[in-house]
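Participant: Protein chains in written order, with the working numbering: chain A, 40 to 449; chain B, 264 to 439; chain C, 86 to 228.
Hints listed in this document are in silico derivations from the structure and should not be mistaken for laboratory results. Worth double-checking, as some hints may not be accurate.
What the hints assert, rightly or not - From chain C, some residues computed to sit far from chain B (all C-beta separations above 12 Å):
no.	residue
1	W99
2	V200
3	R208
4	K222
5	E224
To be verified - Calculated cross-link-like contacts (lysine to aspartate or glutamate; reagent style EDC-like; alpha-carbon spacing at most 20 Å):
no.	chain 1	residue 1	chain 2	residue 2
6	B	K370	B	D423
7	B	K311	B	E353
8	A	K337	A	D325
9	B	K319	B	E280
10	B	K399	B	D378
11	A	K255	B	E374
12	B	K406	A	D287
13	B	K319	A	E252
14	A	K443	A	E398
15	B	K397	B	E339
16	A	K368	B	E365
17	B	K399	B	D415
18	B	K278	B	D415
19	A	K179	C	E210
20	A	K255	B	D423
21	A	K255	B	D378
22	A	K82	B	D412
23	A	K82	B	D411
24	A	K250	B	D323
Quick reminder that beta carbons are idealized off the backbone N, C-alpha and C, glycines included.
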Amino acid sequence: MSSKTTTKTTYHIPVGPIHPALKEPVFFEFEIDGERIVDVDVKLGHVHRGIEWASRKRNPIQILYLAERVCGICSYCHPAAFTLGIEDAANIEVPERAEYLRVIQGELERITSHMLWAGVAAHEIGFDTVLFLTWEMREKIMDLTEFLCGNRVTKGIMTIGGIRRDITKDMIPQITKSLDYLKDNFEKIRHIFLDDKTVKLRSQGVGILTKDEALKLCAVGPTTRASAIKKDVRVDTSYFAYGDLDIDYITPDVLTGEVNGDVYDRIIQRLLEIKQSIELIEQCLDIMPNGDIISEPKIPKLLNQLKKVEGEGVGRHEAPRGEVIHYVKLTGEDAPYTWKVRAPTYNNILPWIPMLKGEQIADIPIVAASTDPCMSCTNRVGIIKDGNKYELKKEEIHRLSVEKTRRLMS
Amino acid sequence: MSENKTLEELTKYFKDEFKTKIKSIDIKKRATGSKKKETSTIWMKIDKGVFKDAIKHLVDYQYPHLAVVSGNDLGENIELIYHFTVNYGERLREINLHISVELPKSKPEIESICDLIPGALITEREKQEFLGVKIKGIPDNRKLFLPDDWPDEVYPWRRDETGPEKYYKNLHEVNK
Amino acid sequence: MAKGLPKSFKKALWVYHCNSGSCNGCDIEIIAALCPRYDVERFGIKLVGSPRHADALLVTGPVTRQLADKIKRIYEQMPDPKAVICIGNCGNTGDVFYESYNLIGPVNKILPVDVHVIGCPPRPEAIINAVAQAWVKLETLEA
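Only chain A is shown next, with the shape it has when bound in the complex (with noise of 0.2 Å):
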């Protein structure tokens, strides 16, 4: 029997996950009793590459590139809330035809986000098999944006005062094609993750957020409509062409008539919300108008007209995870005086301290998957036990996670 001295080693092991949510690496420190965690500690920062500070020299059209390079999945959505923010500061007009096309290939990301994270969530529980399915299913989406924009990630398609392609009427087939495939296959999706009986096991009354810490903690996205509480940017406020469209709120009582924000809540939420984006998109490529697509076509003009603007301005997106905001701050001069980031997950970081307390270390990756976090876990678990404390790492977890699956199918 080990004697009652605590030996914790400080050995670190960045990353090194071979699960498919290879996103930054983040440190989390737990404190187990027997099972059972008892609280939860988060440290941040490994990704810091001093993002804003980098843009005190750079003129609005540059940032609009390394806005992109702040997260490579959802990589639209933070040049959608920068150049939110320079429109409102400059009160530039954006022409209507390229509001709608903002609208498509917003909701076009956040579909294949949607899918990417429930082939990640599926890896987390054990299965596979749907991880490749999913994949799959997303390379045809994939297709799609290299067809309308360029290129698979990194689009570079947003700029001030408009959109840099356009939606033509010999391109509206292929988009068509696509989304038939999708809504083909959404049922095959739907009655894997809801139907399944070990999906419920693992999923149902794990890593509840209840409706009053979702709304002190201020938590954003699908992780706080699962809890019932109503925040969606494209429904509260009018951006883009979303004031023009036919949309509401989806939280999971839609399609179970109750919520109780455990996991099971959240994988519905996902789903419904990939169903709502295909009706969003058939919605604009009916009623789109013909026009300009973008209000100055000749950068050095652009440019010129911000230098002389003096004004601050914000710009609030709804991105696949939640909200984005950015902050700018315009002074007369080549570079915007403050750029102020907030990704998504920041807001939801405080939500997992409640979510994990209670539950077993088996269902760590399962919950802390289910807010789709940008973000990895570099763990390094700390156990007591019987007065001693372990190290767990990344892949002990995981195999734990696959061991409960097995031992719940059998």
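Use these hints to put chains B and C onto chain A, whose structure you have.
Facilitator: This is chains B and C only, laid out in the frame that chain A set:
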């Protein structure tokens, strides 16, 4: 929870309570799309002494959504802007509310609002390490994004001598 | 596949992925290379969970101050013969973050890099090509 106030009622709600302590209120409206639906924004500058009371007044009306706190280095002062939104939950009714406070650089202190809005913890920690603002009463005082061995008096967002100029790196350089 | 690769592969290449502060674009393209569309597993290339089982190391991202020594430790944990592949522009030159105060330097200041893949992010086909070239190097080293 009280009925959702309109834009004019909300401005009056703050003006009645704080009268001269509010330095300025600007209202901005922006219309987008084919049907030109509008979204309104209130930019409010208030005095540092009534800051906590103003936040309490806001929480009494409706629990707001705190998006983020941003900061500006204005030479002599540091300006903190708290970005709130209220009236969420109904289609096209939300109002953006930006409350800004100025702190002198000789004494950059402000009270924490974590007891009223627990979700403000992360953004307040960020302001402490990037701008050098002391937030009194914050539950957790550690660094958030910068590494642990970062020197104490260097604040990356400031534009004066405490900025990070010494830490520039040029990764493109080729040493011949 | 790359030229010079013998017809019967002597071993399957196991790969370990390490993120040193990247924006995740390159990481998602690496995982997309595993999925049925590009399907790297038919060549025997597998993503493993521990550096002690790996033959090649895939590094993405500009190296931030917090993670510089961790990457070195991972490299030292890998058994010989090994290859290092640096994916994406961030590790090669810093990309758009080249002046930042929190970055240590391109990856080849910290580790000896064998194959550089450029692109922001590089396509999955380019990543597979890079792993195949590292494979050739390892095979010639052993022979």
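Participant: Hint by hint, say whether it matches the structure.
Facilitator: Hint check:
1. W99: holds (30 Å)
2. V200: Fine: 19 Å to the nearest Cβ keeps C/V200 off the interface.
3. R208: Given a closest Cβ separation of 24 Å, the condition holds.
4. K222: holds (24 Å)
5. E224: holds (32 Å)
6. B/K370 <-> B/D423: holds (16 Å)
7. B/K311 <-> B/E353: Cα-Cα ~32 Å, so violated.
8. A/K337 <-> A/D325: violated (30 Å)
9. B/K319 <-> B/E280: Given pair B/K319, B/E280 holds - Cα atoms ~12 Å apart, limit 20 Å.
10. B/K399 <-> B/D378: Holds, at about 12 Å.
11. A/K255 <-> B/E374: holds (18 Å)
12. B/K406 <-> A/D287: violated (40 Å)
13. B/K319 <-> A/E252: holds (19 Å)
14. A/K443 <-> A/E398: Holds. A/K443 to A/E398 sits at ~13 Å (cutoff 20 Å).
15. B/K397 <-> B/E339: Holds - the C-alpha atoms of B/E339 and B/K397 are around 16 Å apart, at most 20 Å.
16. A/K368 <-> B/E365: holds (16 Å)
17. B/K399 <-> B/D415: Given pair B/K399, B/D415 holds - Cα atoms ~18 Å apart, limit 20 Å.
18. B/K278 <-> B/D415: violated (40 Å)
19. A/K179 <-> C/E210: holds (16 Å)
20. A/K255 <-> B/D423: violated (36 Å)
21. A/K255 <-> B/D378: Distance of about 10 Å is within 20 Å: holds.
22. A/K82 <-> B/D412: Since the Cα atoms of A/K82 and B/D412 sit roughly 14 Å apart, the hinted pair holds (cutoff 20 Å).
23. A/K82 <-> B/D411: holds (11 Å)
24. A/K250 <-> B/D323: holds (19 Å)
Violated hints for the displayed structure, listed by number in ascending order: 7, 8, 12, 18 and 20.
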